[in-house]
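Protein chains: 2
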Amino acid sequence: MHCKAADGEIFIPYARGRLCPSCYINFFERKVKRTVSKYRMIQEGDRVAVAVSGGKDSSSLMHALKKTFPNVEFTGIYINLGIGGYSDECETILTDFLKKLEVDFIVYDVRKELGISVEDFKRTYFKGRLCSPCGTIKRYLLNKIAYEEGFTKLATGHNLDDLVEVLFNAYIHGDVSQLARIKPVLPSSHEKFVVKIKPLCELTERENLLYAECSKIPYRTIACPLSARARSRRGKKVIDKIAESIPYFKHAFFKSHLKKLSRFFEPEASIHPIVECKVCGMPSSTSPCAFCKRLQLVKEVNNRGRDD
Amino acid sequence: MHCKAADGEIFIPYARGRLCPSCYINFFERKVKRTVSKYRMIQEGDRVAVAVSGGKDSSSLMHALKKTFPNVEFTGIYINLGIGGYSDECETILTDFLKKLEVDFIVYDVRKELGISVEDFKRTYFKGRLCSPCGTIKRYLLNKIAYEEGFTKLATGHNLDDLVEVLFNAYIHGDVSQLARIKPVLPSSHEKFVVKIKPLCELTERENLLYAECSKIPYRTIACPLSARARSRRGKKVIDKIAESIPYFKHAFFKSHLKKLSRFFEPEASIHPIVECKVCGMPSSTSPCAFCKRLQLVKEVNNRGRDD
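Residue numbers (my numbering), protein chains in the order written: chain B, 1 to 308; chain F, 1 to 308.
Simulated from the structure, these hints should not be mistaken for laboratory data.
Just so you know, these numbers come straight off a predicted model, no measurement behind them.
There may be inaccurate statements among the hints.
No copy labels: a pair is met if it fits in one copy or bridges any two.
Said to hold, decoys possible - Lysine-lysine pairs mimicking DSS-like chemistry, simulated, CA-CA at most 30 Å apart: (1) K293 x K260; (2) K67 x K293; (3) K100 x K278; (4) K138 x K100; (5) K100 x K236; (6) K99 x K67; (7) K138 x K192; (8) K38 x K216; (9) K255 x K299; (10) K99 x K236; (11) K278 x K138; (12) K38 x K138; (13) K260 x K31; (14) K127 x K66; (15) K259 x K237; (16) K122 x K112; (17) K183 x K255; (18) K122 x K278; (19) K237 x K99; (20) K241 x K260; (21) K237 x K112.
Could you put the whole structure together from the sequences, leaning on the hints where they help?
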């Protein structure tokens, strides 16, 4: 399947032999294509929004999708969360990258649109764990923009390591509703929820990094300054430790979950009734929705700041 | 709850303060008692067989049960598997220990009773993984003897580390029928199956070792010579690695499984119909049962050996 170049330096345990950069690119893109078709992620006529962050995973995703599915419409959506010295750099990198890739690009700047920034949460009770409200805001806005712009799918760059980390935590804590949601395609449970797809779900963080390097994809090199103590970073270290002892751990655990266990939790995915948020009108399990609550919280803190 | 002795040297993360040996013994026995009552393991009138191996876990179990439930009848059952330089030593230690403890002791020697030894499996296709047929034989005989001798419960020394190791593997491989069986009390699905109880299921390997040391319980100090490469030993190392990063891992994982997840797998526990083994008449999912198949295998290999 690949060249016999003597300079093949890339070793992927389950690929035959060592790959040269150009063969690795082929290997990676074939795998993305196979994942998309295996889980029926993209159908004819789909308009696909790709959530881009400026990181290696989502930029690799956009690059591989665009090359593999030349007839599908892809558009990047970036949420600029106003994190000083970070968000703007990511936006600049993305603007340049997506222009060269010739795909449309939607930027939503929370400072301009909502008058807040994720940094404002430092003065709320979320102080030490800003990833939580940041995630809520990002997820909400990505879906809302994709919905309002008429996209039929929302693709994210979640890789196997991301999913295994969430899965592992969900099993440790018996978080059944989370267990019911971890899958390659999350169907829509309301017309205003866009179907979410994860075409990189079977590729590891390392494989995405290698693809970005081999394809010379520009990506941010600094980590988010607010997430240094993030739970997910510690969680990934544990996952990597396990994989050192059990090399097949990540793939086997994810596969067993999908093929053998997730069906048991499936009924739990739909037991929480969906209501309409009385503030924004978007579907949610609570009203006001988590996004509107976080927004309200930050606005109160900001106003108090101004009054002082 | 415990003395203020300045020499408290035993630290248990979830016990208050440091414990001296005598307080540790109290702590351990209270915990065994609480576990037995929480999961309703022993009722009035029960005759309890305790599977003893000569190791620290099962001897600690027997010792703690005997002290904590003075009015219950306990009997040790030991399966001598004929492992050279190991099985007989374990039997000697146990004979002495159980005599001092004043409990009845049943020894079943597979060489005398069946004319085989677990070592014979070295010449079968089980060669490199003798723990598998050994486990089959032990489980079968312990249940059969307990049933035939009229015991109502069969207690085993499985500790939290044992259970978490099995649980972890079952989740990685999506082994649903195993997931349905990992619990403190395994009810009987057939009149010839004795109810199995695991009173040490919430105590770690380290806690059992400490109890054996503090109570001066004699136990074998050499490991089984056939299990050096056992999967479970490697598995436990992984579990300990995880626990180094997530100190509450073992307890949380087991508890979440029991309280939140196991109910989903429950229906799977009973989907395999039980048939009667046409060779031995014991209940099993196959006929001949796994025990009779292993026995037949070894006898064939032994006969062939004699013919040569």
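A quick look at each hint next to the structure:
1. Proximity of K293 and K260 under a CA criterion of 30 Å is satisfied inter-copy only: 29 Å between copies versus 37 Å inside one chain copy.
2. In this assembly of identical chains, the alpha carbons of K67 and K293 never lie at most 30 Å apart, being 40 Å within a copy and 56 Å across copies at closest.
3. Taking the shortest alpha-carbon separations for K100 and K278, neither the intra-copy value of 42 Å nor the inter-copy value of 73 Å comes in at or below 30 Å.
4. With identical chains, the CA atoms of K138 and K100 are at most 30 Å apart within one copy only, with a shortest distance of 25 Å there and 67 Å across copies.
5. Proximity of K100 to K236 under the C-alpha cut-off of 30 Å is found in neither arrangement, the shortest distances being 33 Å within a copy and 51 Å between copies.
6. For a Cα distance limit of 30 Å, the shortest separation of K99 from K67 inside one copy, 15 Å, qualifies, whereas the shortest one across copies, 77 Å, does not.
7. For the homomeric pair K138 and K192, the shortest alpha-carbon distance inside one copy (16 Å) is at most 30 Å, but the shortest distance between copies (58 Å) is not.
8. Taking CA atoms no more than 30 Å apart as the test, K38 paired with K216 passes inside one copy only; the shortest distance there is 28 Å, against 60 Å between copies.
9. Proximity of K255 to K299 under the C-alpha cut-off of 30 Å is found in neither arrangement, the shortest distances being 43 Å within a copy and 40 Å between copies.
10. With identical chains, the CA atoms of K99 and K236 are never at most 30 Å apart, being 33 Å at best within one copy and 51 Å at best between copies.
11. Taking CA atoms no more than 30 Å apart as the test, K278 paired with K138 passes inside one copy only; the shortest distance there is 20 Å, against 63 Å between copies.
12. For the identical chains of this complex, K38 and K138 are intra-copy neighbours only, at 28 Å inside a copy versus 44 Å across copies, given an alpha-carbon limit of 30 Å.
13. Taking the shortest alpha-carbon separations for K260 and K31, only the intra-copy value of 22 Å comes in at or below 30 Å, while the best inter-copy value is 35 Å.
14. Taking identical chains as interchangeable, the C-alpha atoms of K127 and K66 are never at most 30 Å apart, the minima being 39 Å within one chain and 52 Å between chains.
15. In this assembly of identical chains, the alpha carbons of K259 and K237 lie at most 30 Å apart whether taken from the same copy (25 Å) or from different copies (27 Å).
16. In this assembly of identical chains, K122 and K112 lie within 30 Å of each other by CA distance solely inside one copy; the values are 19 Å within and 73 Å between copies.
17. Taking the closest pair of Cα atoms, K183 and K255 come within 30 Å of each other both inside a single copy (10 Å) and across two copies (25 Å).
18. Within a single copy, K122 and K278 get their C-alpha atoms as close as 27 Å, which meets the 30 Å cut-off; across copies the closest is 71 Å, which misses it.
19. For a Cα distance limit of 30 Å, the shortest separation of K237 from K99 qualifies neither inside one copy, at 35 Å, nor across copies, at 50 Å.
20. In this assembly of identical chains, the alpha carbons of K241 and K260 lie at most 30 Å apart whether taken from the same copy (24 Å) or from different copies (26 Å).
21. Within a single copy, K237 and K112 get their C-alpha atoms no closer than 36 Å, and across copies no closer than 52 Å, so neither meets the 30 Å cut-off.
Hints 2, 3, 5, 9, 10, 14, 19, 21 from the list above are not met by this structure, while the remaining hints are.
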